[in-house]
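The whole structure should be built from the sequences, with the hints applied where relevant.
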Amino acid sequence: MSSFPRPPEGTWTQHYPELGTAPVSFEDSVSPQFYELERDAIFRRAWLNVGRVDDLARKGSWFTKDLAAAGTSILVVRGMDDEIRAFHNVCRHRGNRLVWTDTPAQESCGVSRQFACKYHGWRYGLDGGCVYVHQENEFFGIDKDELGLASVHCEVWAGFIFVNVAEAPRETLREYLGPMVSALEDYPFGLMTERYSFRAENASNWKVFIDAFQEYYHVPPLHTEQLGPVHRNPEAVFEGAHYQLDGPHRVVSTSGAEKHRFPPEYLYPSEVLLRSGNMGPWDAPPIDGELAGTNPGGVKRWGIDNFQIFPNLEILIYERNWYLSYRFWPTSHNTHVFEADLWFVPAKTARERLAREYAAVTVKEYALQDVGTLDGTQLGLESRAFASHPLNDQEILVRHFHKTVADWVEEHHAAR
Amino acid sequence: MLPADFADLEPFAATWCLATEPERWARRLATTMKEMQAFYDACFPRAEDAIRYCDQFGLDDMPEDAVRLLQLLHSLALASYAIEVWQQPLPVDTGSARIDRIREPSP
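Chains as they are written, first to last, in my numbering: chain A, 53 to 468; chain B, 5 to 111.
No wet-lab data here; the hints were simulated from the structure. Ideal Cβ placement from N, Cα and C applies to all residues, glycine included. Treat the hints loosely; a few may be bogus.
What the hints assert, rightly or not - These stretches of chain A come out as covered by chain B in the derived footprint (C-beta under 8 Å, 3 or more residues):
#1 79-85
#2 313-323
#3 395-406
#4 413-421
#5 425-434
Unchecked claim - Non-contacting residues of chain B with respect to chain A, defined by C-beta distances greater than 10 Å in every case (computed):
#6 5
#7 14
#8 109
Put into structure tokens, the structure is as follows:
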């Protein structure tokens, strides 16, 4: 029996008939050839979230971002006019990687007035314009005004900085995000500036990893320990409250008893002590007004919205007024970089700081289980023991994701 | 190292008063379960008092000994997973996974 209203078709998957219900092939996650197709069809054409305005706090703040799948590193800068711009991180002169700190392959950040190439000393302003050519008179008919950095399309939505390395993106960022995601525009992301960031290099395809973060079917068996020892049950039943698709994007919302209302025997002593855990700090900071765009299905006792923004951004918004963002950056067909950020309204007291700390600790504990397991999924899939795999109704977002990837690849390569 | 009221936790201060999660994580992995249990057993019952002590101050103007007490509480939060949840230093089914915390507020 279902605890939540279902669409008239009886299942979420059948509510979106274009998805079908057939077993799904994960060849797209093990094939080096398919990865090359994805790089062109997706990572060189889609809007990609590379950071937040928080990363560029001041005029002259900048960071570099390695987009291995798009084959470039980009430099994202806040100009003296407060505009945020993005450029290929490449010197116009001899093609040197322009800005780096420890090694050219590592991302870096800082605050500058200009960028100077380490190789021959050419300099660029924050707007990407070339301002200095060393021994300019030795060159042949050059004009500095035409020797700026190569721009990359850059737009900001709700404080999230997106880039698109296509020469001419097919859609503006807002068109691309569509109504379901755009509805979050006025969510108070800007109040949540206290940040815990994590990074991992994982031995799995980026989609294999995302797949684990877009269904909760795996939670009782893999993360059995999320409930205290007395009530642990790997065969516990989970049910998503609402699933919704909008273009290439997806959401699942959960519902259920909040952790802070659980009887203590379901909890660990430290959860009770620190009033925090896998759902975040129990004592939510007060926020005035509506939480725009959240709970699109209007579920009762709303818990979490898990927005999957194509291709590789996930935003998890919690009922306790904090959020998580995940980004998944492919580096080959079977490796990717995983970035996770927890965002909180800043703590005012040591008690609040500890509650946030314990939430950040908790995220890492269970994410380590996901990483360990999904390395194994990659190895399993690479054996190609099965041509396809059955997916249940709770795995609708997995089904939609792989279909979307296939559609983008097919459409792009058919058009060429 | 710690405020006088918490002299009983002094034996753990040199080991567990660590400013960052990477340091605390490395300590957790390098600690035997017996040592971790001793730290947990001593610190957990004192934690509520320690939080109240730290909360006398603003987060940005805590005296150094109170900052170290808060660091000890951060270590307790991290060690508690090994004690309460996993009964071993690493989460179960972690394989060769590694996740690094690269940014966090302080203290």
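Status of the hints after comparison with the structure:
With 0 residues having a Cβ less than 8 Å from any Cβ of chain B, the stretch 79-85 of chain A misses the three-residue criterion, and the hint is violated. A count of 3 residues in the stretch 313-323 of chain A with a Cβ less than 8 Å from any Cβ of chain B is obtained; the coverage claim is therefore met, three being the minimum. For the stretch 395-406 of chain A, the assignment as covered by chain B holds, since 8 residues bring a beta-carbon within under 8 Å of that chain's beta-carbons and 3 suffice. Here the stretch 413-421 of chain A counts 8 residues with a CB under 8 Å from a CB of chain B, which clears the bar of 3, and the coverage holds.
Using a Cβ-Cβ cut-off of 8 Å, 3 residues of the stretch 425-434 of chain A lie near chain B, which meets the minimum of three, so the contact claim holds. Taking the minimum C-beta to C-beta distance to chain A, about 17 Å, the non-interface status of residue 5/B holds against the 10 Å cut. At roughly 19 Å from the closest C-beta of chain A, the C-beta of residue 14/B stays outside 10 Å, upholding its exclusion from the interface. Listed as outside the interface, residue 109/B is inconsistent with that label: its C-beta sits roughly 5 Å from the nearest C-beta of chain A, within the 10 Å cut-off.
The structure fails hints 1 and 8 (numbered hints given earlier, in ascending order).
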